[in-house]
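Let chain A serve as the given structure and place chain B with the ligands on it in line with the hints.
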Amino acid sequence: MNSRFELFVAMRHIKSRRRQTLLAVGAVTLAVAFTIISRASINGFEEVLLSIVFKMVPHVVISPKDGEDYIYLYRTLVESLQATSGVIAVSPMLISAATLSHEDGVQNVALCGTLPRELDRMSGIGSQSMLAGDLDSIQGGLRIVISKEVAEDLDLKLGDGLEASFPDAHSMNLVVCGIFDTGVEWDELAFVSLETAREFVGEGDVVTEIQVKLQDIYQADSLVARIRSQGYRADSWQRLFPEILRTIRLESVSNSLIMSLILIISAFGIANVMNMLVLEKTGEIGMLMSMGASSRQVLRLFLLESGILGLSGGLLGCLLGYVSSLYLNSLNLAFSSPAGQTINLPFLIGLQDLAAYLTFALILSLAAGLYPARRASRLDPIEAMRS
Amino acid sequence: MKHRIDEAGVWNNNHIIEIVNLFKVYRGGVDVKALDNINLVIEEGEFLAIVGPSGSGKSTLLNMIGLLDTPTSGKILLKGIDITQISADERARLRNRELGFVFQYHHLLPEFTALENVMMPMLIAGVKKEEARATALQFLEDVGLGDRINSRPNQLSGGQNQRVAVARALANHPSVVIGDELTGNLDTKTSDLIYDLLRKLNKKINQTFILVTHDTELAEKTDRILRIVDGKLVCEMRREGDRFVSTEVCQTAEAE
Ligand SMILES: Nc1ncnc2c1ncn2[C@@H]1O[C@H](COP(=O)(O)OP(=O)(O)OP(=O)(O)O)[C@@H](O)[C@H]1O
Ligand SMILES: [Mg+2]
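For the record, the sequence lines run as chains A and B. Quick note: to get our numbering, add 26 to the position in the first sequence (first position is 1). Quick note: to get our numbering, add 76 to the position in the second sequence (first position is 1).
Bound conformation, chain A alone (with noise of 0.2 Å):
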């Protein structure tokens, strides 16, 4: 395709209407750079919301085999996951129900046998959350490190006794050595010692999860899928935490939807340049086709001309949200977040959103440019010279 002649004809109306290039390609600039930093701020505020609730949930969690209760040989299981590349903790765990009780108050809980250095790798609990005593101290054996809320029910505080119990567990006696805070709702949470835990239970030396966190949360499937090929149970984040996902994708879909909106408007800016454009210049494409321009030329003139106006505005627009991203970073930007911190928001803008929002100013510029194209392009030369 040879398109010499309607890019020359093209560009010079571009030029020589300067006030209407400025309108088409103002509006689209100044929709595409606004689009792009709310791009960014979106996608800094879902990695502030991951990089949260990512600090305290597992990443992939492992259950025994099927018809199991139990993992029997997790010490093999454990060092060869720390031995996999891109896995920061690795977190076994012997779970059991248990009834806490302290003078008249009872309370259920999920009473966890863990090791306390590698638990705080996997939540922060033992370093960032611990509003009295320390994690560490459930080494020492019947011990318990319980929550709040937990504390606040039966009335307990550091150094007072509890009694814990089930049905078919050996009942015990435990001594409070820590409470904790995380801000979320882990109130049905009590960490003690693998050992006091095996004791609980009446069993040896097994779990009955392994969880494990990773330094990339989307490395979760293949960890997954290699755990399941040994007969393991596993599940990733996106399977144990449905409503994380969800929550990210809603605020994508929506603002997506307003992003597109904007766009959408900003490409009516080039359809109304260029509905002038053909209304002006009716007579000179009746001129173009008296000299044998053909429609098929008329129509690419004219699309080629939105497209050129799209791409510019475009590109602008890339550039000035780029830029205003990249200056919003960097005044670091503060809100507090529901557990009470104070975070920065960061502006996050990656080569990939600039290219789709490019790629969509263009597509929506042709789409505009298509109705005055295709009418210019359907003009009788010698009515069109009248005009």
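By construction, these hints were calculated from the structure, which means they are not laboratory data. Any given hint could turn out to be false.
Unchecked claim - Restraint ranges, calculated between C-beta atoms of paired labels, are given here:
1) 181(B) / 280(A): 53 to 59 Å
2) 389(A) / 226(B): 36 to 42 Å
3) 276(B) / 309(A): 31 to 37 Å
4) 45(A) / 272(B): 44 to 50 Å
5) 389(A) / 151(B): 43 to 49 Å
6) 30(A) / 276(B): 29 to 35 Å
Said to hold, decoys possible - Subject to a maximum C-alpha distance of 35 Å in a straight line, what follows is the list of computed DSBU-like cross-link-like pairs (lysine-lysine):
7) 265(B) / 308(B)
8) 205(B) / 41(A)
9) 297(B) / 280(B)
10) 155(B) / 276(B)
11) 109(B) / 297(B)
12) 204(B) / 41(A)
Unchecked claim - Residues from chain A that keep clear of chain B, each with C-beta distances beyond 10 Å, as calculated:
13) 64
14) 89
15) 195
16) 252
17) 261
C-beta atoms are modelled at their ideal positions from N, C-alpha and C, and glycine is treated no differently.
Relative to chain A, chain B with the ligands alone:
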């Protein structure tokens, strides 16, 4: 190209244009019969003038031949192709390759320079820019505007614009050049310059010229003069040496 057989049953591809029973009626409040049963054969390499009073249908006829307008009924054959039957794309291609049109009102593109205006038909045809530029430059020099190539239409006089339009019509080396009053705004000297240029091309590359004119002096330099009145071809005169001889058509018309 199709070779046709004429009435006498002889191969004849010399007829570059053949018009058969052509009518054009403009419908409106009152119907205007702009062309009323025109029959005409134009041979390749003819240099032809069409004269007639204002409103007689001269421009209408040129628009038909120039593939810009469609007849109400009748046939127009260009190089044997019935142009009333072909697709819009094919018409555009013929306009571009076979025809050069100079309008009664010059109709140049205002945003382009004289040079670019002359280049335009070549660019439409897909000719390379440098090549189109060289050709355009040559034609502008030929019409005496070698020094104004970078002026826009609004910086040129009416006559100068008309000459740009002539150069543009010639640019793509069309087989038929159609001119509607192309010397209307020119003084005798420039008019002669243009005539000499057209005549030279006519002799050299056998280009066919169809010129509508009110200028009797120009008309009498051509080979054949057609007179149109009220949409009818009423008189036809052919050059024989230095004189024009009226044909029968003309005599019957005059006798009426
Ligand atoms: N688009 C149109 N609609 C209606 N009538 C038209 C149209 N174009 C031309 N006519 C009529 O057709 C007739 C022939 O017009 P045309 O332009 O061919 O005349 P002309 O011989 O070129 O005249 P002039 O020498 O003044 O240019 C005129 O009566 C004119 O009014
Ligand atoms: Mg006329």
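Structure-based check of all given hints:
| no. | hint | result |
| --- | --- | --- |
| 1 | 181(B) / 280(A): 53 to 59 Å | 58 Å, holds |
| 2 | 389(A) / 226(B): 36 to 42 Å | 38 Å, holds |
| 3 | 276(B) / 309(A): 31 to 37 Å | 32 Å, holds |
| 4 | 45(A) / 272(B): 44 to 50 Å | 45 Å, holds |
| 5 | 389(A) / 151(B): 43 to 49 Å | 46 Å, holds |
| 6 | 30(A) / 276(B): 29 to 35 Å | 30 Å, holds |
| 7 | 265(B) / 308(B) | 33 Å, holds |
| 8 | 205(B) / 41(A) | 19 Å, holds |
| 9 | 297(B) / 280(B) | 17 Å, holds |
| 10 | 155(B) / 276(B) | 22 Å, holds |
| 11 | 109(B) / 297(B) | 30 Å, holds |
| 12 | 204(B) / 41(A) | 22 Å, holds |
| 13 | 64 | 39 Å, holds |
| 14 | 89 | 70 Å, holds |
| 15 | 195 | 88 Å, holds |
| 16 | 252 | 60 Å, holds |
| 17 | 261 | 63 Å, holds |
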